[in-house]
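K.L.:
Sequence:
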Amino acid sequence: MRHDVMKDADVLLKLDGPSFWDGLLNDRARKTLAKLGTKATRLDLASEEEALGFFAQANESLTLAAEASIRRMLQKNPNLVHVIRRDHGGPALGIFACLPLNEFGAASIANGQFDGTNPDPAWIVRNGETPVAIYEWLFFGPGLYLKTMPAVGRLYRSLTATDCPVFSKGTTDFSARLLQSLGFLEARTIYPNAEDGFVVVLPRCSDAWSTKLSGRRTEIRQVRSFEELAHVISIRSATYLAEQFPLYSEEFDGNDFCATHLVGYIDGDPAGAVRMRYFGDFAKVERLAVKLEYRKSRLAFQLVKAAVAHVRRKGFTRVYGHASAEIAPFWKLMGASQMENRKPFRFANIEYHEMGAELEPDPLAIRYGAAPMVTIRPEGLWDEPGALDWSNIVADPMRAELMITTSRSGAS
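With the numbering used here, letter number 305 in the sequence shown gets 486, and the count goes up by one each step, no holes.
In short, the hints are calculated from the structure, not lab data.
Be a bit skeptical, because a hint or two may be false.
Straight-line distance between alpha carbons at most 27 Å, and here's what the computed DSSO-like set of lysine-lysine pairs gives [stated by the list, open to error]:
{"#": "1", "residue 1": "513", "residue 2": "486"}
{"#": "2", "residue 1": "495", "residue 2": "257"}
{"#": "3", "residue 1": "465", "residue 2": "524"}
{"#": "4", "residue 1": "513", "residue 2": "495"}
{"#": "5", "residue 1": "465", "residue 2": "477"}
{"#": "6", "residue 1": "257", "residue 2": "465"}
{"#": "7", "residue 1": "477", "residue 2": "495"}
{"#": "8", "residue 1": "495", "residue 2": "465"}
{"#": "9", "residue 1": "257", "residue 2": "524"}
{"#": "10", "residue 1": "465", "residue 2": "513"}
{"#": "11", "residue 1": "513", "residue 2": "477"}
{"#": "12", "residue 1": "465", "residue 2": "486"}
All chains, full assembly: derive it from the sequences and hints.
P.N.:
Written out as structure tokens, the structure reads:
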């Protein structure tokens, strides 16, 4: 964690009732944090503008991540940065930022491959997902660290009902001593490969709990297997083939193995699909299909929205598609318009109009010069750890030895 703290060790803080910190901090720390009362601060979720503004301010005295990297992190989880205030509606006194880590992120710290100044969205969970660990990314608020600990504990409890490891990093001698005085341990004492400077406080045991989600569960997934492609075929067979009576060769046109497919699932059932193909300066969104029993849902809208987001992330700013008179209004809701000076055309006994949309460039688009590990991750999962990311975390001495042996054999 990047700290900007004043020597407030004499400030006493009261933690009322059970909190995330119970059983984590040492006795000395709990005595120190005994009598703050109304002097404790609060945390309010920061807007992206507030977050970037405070990071820029802190960057004047600390070495922090670049703005583009911060934006990438906030795109995956917008709830990373909170404003420190004395009371509700009061002026901003500083910011606190934490990273809710997934298994890959926690393993990256434990294996010495974590750099908070060059953050990777693959490290963190999305909003609403439960982290396996938390990293205190930035605290910027002179003299407020101890006073903010109760609010930080409440924030952590909102992220996970069960306790989890909390990692931090003191970047000054004082902040490092402060963390250790609170009960944080050098991470290397537990994780030998962790980099110097990282500290961790370990959780106590507690029972997990879960909350039931109301309503139907909708999920959009990119096709990555033959089984998932079979889901696409079943959806389009139940819609286009069964309702519009094209020939099989007209519907399954030879383009399905050179395209990106998204499938929408409702309560686990393959309910809808859409296909994207890529040409020069535009992407084509096509073959949108939703099964009859799910057409009162918002799945068609969600599928097209996900498709547009995907092609924007790939760097496209123009989308093209064909719309029958029945679904042309739907495309207009998505921001597309009928192309001027283009006549309607027909195929498979249906008349279509050409639709086009100009998109705002995605500032996080994957472009030439992107990090090498990003461009080799699975399509659409550029912010998630892939198999080759894990190859740098989990060593395989046997395979390494086989490579050496094979290379020597070939050389001889």
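K.L.:
Next step is simple, just say for each hint if it's right about the structure.
P.N.:
Here is what the structure says about each hint:
For the proposed pair residue 513 and residue 486, the alpha carbon gap of about 13 Å is at most 27 Å, so the pair holds. For the hint linking residue 495 to residue 257, the alpha-carbon distance of about 16 Å falls within 27 Å, and the restraint holds. Using a Cα cut-off of 27 Å, the hinted pair residue 465 and residue 524 holds, with the two alpha carbons roughly 18 Å apart. Simply put, residue 513 and residue 495 have alpha-carbon atoms about 23 Å apart, close enough for the 27 Å limit, and the pair holds.
Of the supplied pair hints, the one linking residue 465 and residue 477 holds, its CA atoms being roughly 25 Å apart against a limit of 27 Å. Between residue 257 and residue 465, the direct Cα distance comes to roughly 25 Å. Compliance with the 27 Å bound is thereby established for this hinted pair. Taking the CA atoms of residue 477 and residue 495, the gap is about 31 Å. The hint is violated against a cut of 27 Å. For the given pair, residue 495 sits about 13 Å from residue 465 by alpha-carbon distance, which is consistent with the 27 Å threshold.
For the proposed pair residue 257 and residue 524, the alpha carbon gap of about 41 Å is over 27 Å, so the pair is violated. A threshold of 27 Å between alpha carbons decides the hint, and for residue 465 with residue 513 the separation of about 16 Å falls inside it, so the pair holds. The suggested pairing of residue 513 with residue 477 holds, with an alpha-carbon distance near 18 Å, which does not exceed 27 Å. For the suggested pair residue 465 and residue 486, the alpha carbons sit about 13 Å apart, so the restraint of at most 27 Å is met.
Hint compliance for this structure: hints 7, 9 are broken, all remaining hints hold.
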